[in-house]
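*Asks:* Chains as they are written, first to last, in this note's numbering: chain U, 20 to 326; chain B, 55 to 336.
Each hint should be verified, as a subset may be incorrect.
Using 20 Å as the maximum straight-line C-alpha spacing, the simulated PhoX-like pairs for lysine-lysine come out as follows [as the list claims (entries may be wrong)]:
1. B:Lys252 to U:Lys145
2. U:Lys159 to U:Lys145
3. U:Lys175 to U:Lys145
4. U:Lys145 to B:Lys245
5. U:Lys175 to U:Lys159
Don't read these hints as lab results, they were simulated from the structure.
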Amino acid sequence: MTSRTEAGTAVQAATPAPAARPAPLISFRDVRQVFRLSGKGDGSAARNRELVALQDVNVDIQAGQFVALVGASGCGKTTMLNMLAGLVEPTHGEVLLDGRAPRLPNMDIGYMFARDALLPWRTARKNVELPLETRGWGRKERRERAEEMLELVGLKGRESQYRLQLSQGMRQRVALARTLAPDPSLLLMDEPFAALDARTKLTLQAEFLRIWENNQNGDRRKTVIFVTHDLQEAVLLADRVIVMLPHPGRIAEDRVIDLPRPRAELLGELQFTKEFQDITHGLFERLEGAIGDRGADAAKQGETTTP
Amino acid sequence: MTTITETARPVPQPAAQDKSAERPAKRPKFWQTRAFIITARLVICAAFLVLWEVASRREWVDPMLFGNPTGVWTAMVEYLPSERSLASLEATGGAVGVSFVIGSVSGTLAGLVLGLSPVVNGVFGPFLAPINSVPRIALAPLFIAWFGLTMTSKVVLAVSIVFFILAENARSAVWSVDADLMTMARVVGLKRAALLWKVVLPSAVPTMFAGLRLTFTYALLGVVASEMVAATGGLGQDIVLYSSSYQINTVFAILVELMVIAVVVNWIFNLVERRLLVWQET
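So here's chain U without its partners, still in its complex pose (with noise of 0.2 Å):
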């Protein structure tokens, strides 16, 4: 493992030059997570192993802007999330969220997981009456919210179900219906629909892509964070695609994906369009070339033994 004296040589190649814009609502800034792994202490060298979980990142995101992370697992995109949700403090490095470190619970902020993290003993409203619980609404006002937003994603008449008599689409529905409820101005998305049936997974992706493409308080739409490890689905939605490496998790390819918007309507037919497909190819030499070619190496090099 190198050691890392001076901050910011190394791999900022990657990341475009932030020219004369506004300053981004988020950044990251020499970020690197280290997580200790007990070791199970049959061996000496098994102590005190340590996970790199994130190298060198660097990346700075505008206000309104789609960024999908994507990445196998183990390299680092979730725990990026976590760091803006407040979860994780980064080992060293700073992250900035609208030029703060990231605190919990943070009330502009929508998480969702790629498990629906529903509340079982409550329905789907009150489910989704939750996070306007914590943010002061009215009974009233809540009841209203929440029946809108069950509505928004295609479960009217659901509102009184329970999780287990739901479909995992259906509580993945409830899910964002929850997410969005509270209108929050940043989107952090950890693979939800990753657990879906394919078709179930277009139908959601659409949906969502048209709830944020129409939702543009005055001048600009919400900022979406979206971890995914399908390269497609980043393409399909996203603005700006950051592909991802593990073993130590860093940023590989940034890259704008300058498709047409809005795209909802179009999701279906946009991935047999010759340019999509172009980008796509060119993400997925980045993505699997580089893991095929030192992936083994690289597994190694990121767990380090310290003695």
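Since the structure of chain U is provided, determine the placement of chain B on it from the hints.
*Replies:* Same frame as chain U, now just chain B:
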């Protein structure tokens, strides 16, 4: 927003009908029917009672020691409504009720505190398992010596069983709250009391309920055992008394009574549980 491609489970599907139509030959064999199973149960019970009766009458077994069903029935009719029996029932039932309430409330609270506070658990947690592994019946003479032949000594014994079971139960219920739910709750902004009330407690309810159901039986056990060691009254005392005077049929009558109490209470638990945990139904 018109396209809903998924369907929920409770919605009846035409597909389900097709399926049964495809395989009409799949009728249950007669020994798989409900009627057969119930009949089998009744036959087995009746056969057992008849065998017992015959064995006792023909003196294959000593009727003095083993009684017989008709004798048990007579004992039930004569003894159970008697004043002595009702007084015993009241003594035992009262002690069980009091110890169940005290033990479950205090045990659950202690378990919640242990589960929520790593410090409290660090200090007291390690004592839980060793104390809980002491056979509590062995403490009955001690409690009787300390509190005399009173209801208190029965209650203390039963509480000492119920408390520790529920404390461990509630602690593990808190610990096993889904990590995803906790992360979600923190991001959403739930803190302290709200987090406890809206996430931790509701998700602990199913586990705690299973514990409560179990501990009622233990409360009954503790009280009856304490009465058997020494008491001024109660069903446990009666069992010892009638056993030592070879009134075996009366002993069986009391055992039946205890069983009925346990079954009825369990049935009440089922009702409450079903109301409380509607959301667990698919």
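*Asks:* If a hint holds in the structure, say so; if it does not, say that too.
*Replies:* Hints, verified against the model:
A threshold of 20 Å between alpha carbons decides the hint, and for B:Lys252 with U:Lys145 the separation of about 11 Å falls inside it, so the pair holds. For the suggested pair U:Lys159 and U:Lys145, the alpha carbons sit about 12 Å apart, so the restraint of at most 20 Å is met. Our distance criterion of 20 Å between C-alpha atoms is met by U:Lys175 and U:Lys145, whose separation comes to about 14 Å. This hinted pair checks out: U:Lys145 and B:Lys245 have alpha carbons roughly 18 Å apart, not beyond 20 Å.
Among the hinted pairs, U:Lys175 with U:Lys159 is consistent with the structure: their alpha-carbon atoms are about 18 Å apart, no more than 20 Å.
The earlier numbered hints are all upheld by this structure, with none contradicted.
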